[in-house]
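Colleague: Next come the chains, spelled out residue by residue.
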Amino acid sequence: MAEANPLRGRVSIAGYGETAFGKKLPGTAWDLAVEASLKAMQAAGVEPEEVDGIARFCSPLETVTTAAMVRGLGLRELSFFTECPLGGEALGAVLGQAASAILAGQASTVLVYRALSQSKGGRFGRADRGLSSTDDVVVPTEDNTAFAWPYGLVSPGNLFAMMVTRYMHEHHVTPDQMAHSLGSVTLAQRAYANNNPRAMMRDRPLTMDAYLDARMISWPLRLFDLCLENDGAVAFILTSSERAKRLDTDGQPIEILAATQSLAPYHEPFGIYTPDMTRLYPEAATERLYRNAGVTPERVKVAEMYDASSFMTVGSLESFGLVPRGEGWRHVAEKGIGLDSPLPTNTHGGHLSEAYIHGMNAVTEAMRQLRGVAANQVQGADVAIVGGASGTAVILGV
Amino acid sequence: MKLLPERSELTRPYWDALHEGRLVAQECGDCGRVQHPPLPRCGSCHSAELSWRDLAGTGTIYSYTIVHHAAHQALADKVPYAVGLVELDEGPRVVADFVGDLDAVLVGARVEASFEPVTEEISLAHFVLAGPPPHDGGRAVAV
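So the sequence lines, in the order shown, correspond to chains A and B. Under the working numbering, think of the first position of the first sequence as 838, with each following residue one higher. Under the working numbering, think of the first position of the second sequence as 5, with each following residue one higher.
If you're looking for bench data, these hints aren't it; they were derived computationally from the structure. All C-beta atoms in this analysis are idealised placements derived from N, C-alpha and C, irrespective of residue type, glycine included. Errors might be hidden in some of the hints.
Far from chain A, by Cβ distances over 10 angstroms, these chain B residues were calculated [what the hints assert, rightly or not]:
1) E10
2) D34
3) S51
4) Y66
5) A75
6) A78
7) Y85
8) A100
9) D101
10) G112
Only pairs whose alpha carbons sit at most 25 angstroms apart, straight line, appear in this in silico DMTMM-like list of lysine to aspartate or glutamate [to be verified]:
11) B:K82 <-> A:E1092
12) B:K6 <-> A:D1050
13) B:K82 <-> A:D980
14) B:K6 <-> A:E887
15) A:K957 <-> A:E1007
16) B:K6 <-> A:E920
17) B:K82 <-> A:D972
18) B:K82 <-> A:E920
19) B:K6 <-> A:D980
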């Protein structure tokens, strides 16, 4: 057997903090980031002066800089900081780089945060963020958007829709079958949210008829296939597993079994030109994830998948080897993703129905599941996967 | 209000050719790879011997979406419209919008480029359905 990955289990998330999630919260993203970070420190049983590292999730629209956090929290001095770009791709990156820095002795106590204020900072679903002019827009060459926007391919939702169209073609799924499959995902996640006091959609039940009747955004995706846009923040304190056990934490420390990154040509936000649009990421990323964690997909008891659209729940279950390729659409429709299904998935309601904090609120949910305190608790959950975009992921365990 | 491409040092030859009614892509002088979007080097063999070659402007639809909700104010008058990826006969894929009957837009349908000047300096390549859609196994992929 190959030597164990050095990261496996040696760093833990000692605590997390989160703000409320909502359409329009008072305060700036900075306020939210500070609130979540202070709560995370308190939950982890560490003082601000003990924090000596920060891993910043700095995708587009993240406005709270590392320096602003050092100032805002009155931290003494960082000996380690890193910034992870792209989108949901940063999920495994911030946790993995924080853990690596701790193992390498660059820092002992690392803060990871993600704050969003879409009500003040611009909405992900809009391509004309903050635009008021009626003048022509010159689309920059950067990231190839100049080849897409002039034709009307402008939003993440447009791209997700194209993934679904191609998926239907390759796997011989009719539009009706696909709609019922994606509706099953959306309804199951909404049902989880209806039982989750943190969820933005907790008081909003959804029926299949209402799902199907909702307006088409970008065929074949309807309104409820696409994630929420909101304000909110979450934060985490990472330290060595050895030290975490000695801290006075509010809840059991959660071990990071693996935290991986992946970046292959065009597997990036708005990548468009991936050779196979139905494959969300290279297979190697999945193999590396399980190998590093030392677990097989069968050991995973609960899955929290990056769902900027309902289809990404389906695509991620396939890409992370949890459901056979081409079978995801049928799996979610027939076996489901609820608590009585083979693999409960997006148990907080996900980005579709809890809130969109760029995958980081899936990490908090995985921690609750592993601690046995989730609103929709999976019995015996001891290994959880949190899948990010483009193959980045973490596997957590207790 | 229009969405117009920036023409950078790397991409200007592409847009200039479109404005002359030609679809072009980079071709590697060493390994023959035809690539789009443009790169500083050949994406396969890293050769710097890249030139621009004319393409036939024909291909098949790889995937598409019918956009009903304009996510940019410049597109408010355009919805509903079909946009997607065309796999050109020479290999590369290009983003394209489709002209004609939205119901006839299907994965695998044959299309050909049609050029439209949108300013005095810039043209876009729309794609027009060429001939009947391919047999799709009886699946009507209606919109």
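Colleague: All hints, please: hold or fail.
Modeller: Results of checking the hints against the structure:
no.	hint	in the structure
1	E10	violated, 5 angstroms
2	D34	holds, 19 angstroms
3	S51	holds, 17 angstroms
4	Y66	violated, 7 angstroms
5	A75	violated, 4 angstroms
6	A78	violated, 6 angstroms
7	Y85	violated, 6 angstroms
8	A100	violated, 6 angstroms
9	D101	violated, 4 angstroms
10	G112	violated, 7 angstroms
11	B:K82 <-> A:E1092	violated, 51 angstroms
12	B:K6 <-> A:D1050	violated, 32 angstroms
13	B:K82 <-> A:D980	holds, 24 angstroms
14	B:K6 <-> A:E887	violated, 52 angstroms
15	A:K957 <-> A:E1007	violated, 41 angstroms
16	B:K6 <-> A:E920	violated, 35 angstroms
17	B:K82 <-> A:D972	holds, 17 angstroms
18	B:K82 <-> A:E920	violated, 39 angstroms
19	B:K6 <-> A:D980	holds, 19 angstroms
Hint compliance for this structure: hints 1, 4, 5, 6, 7, 8, 9, 10, 11, 12, 14, 15, 16, 18 are not met, and every other hint is.
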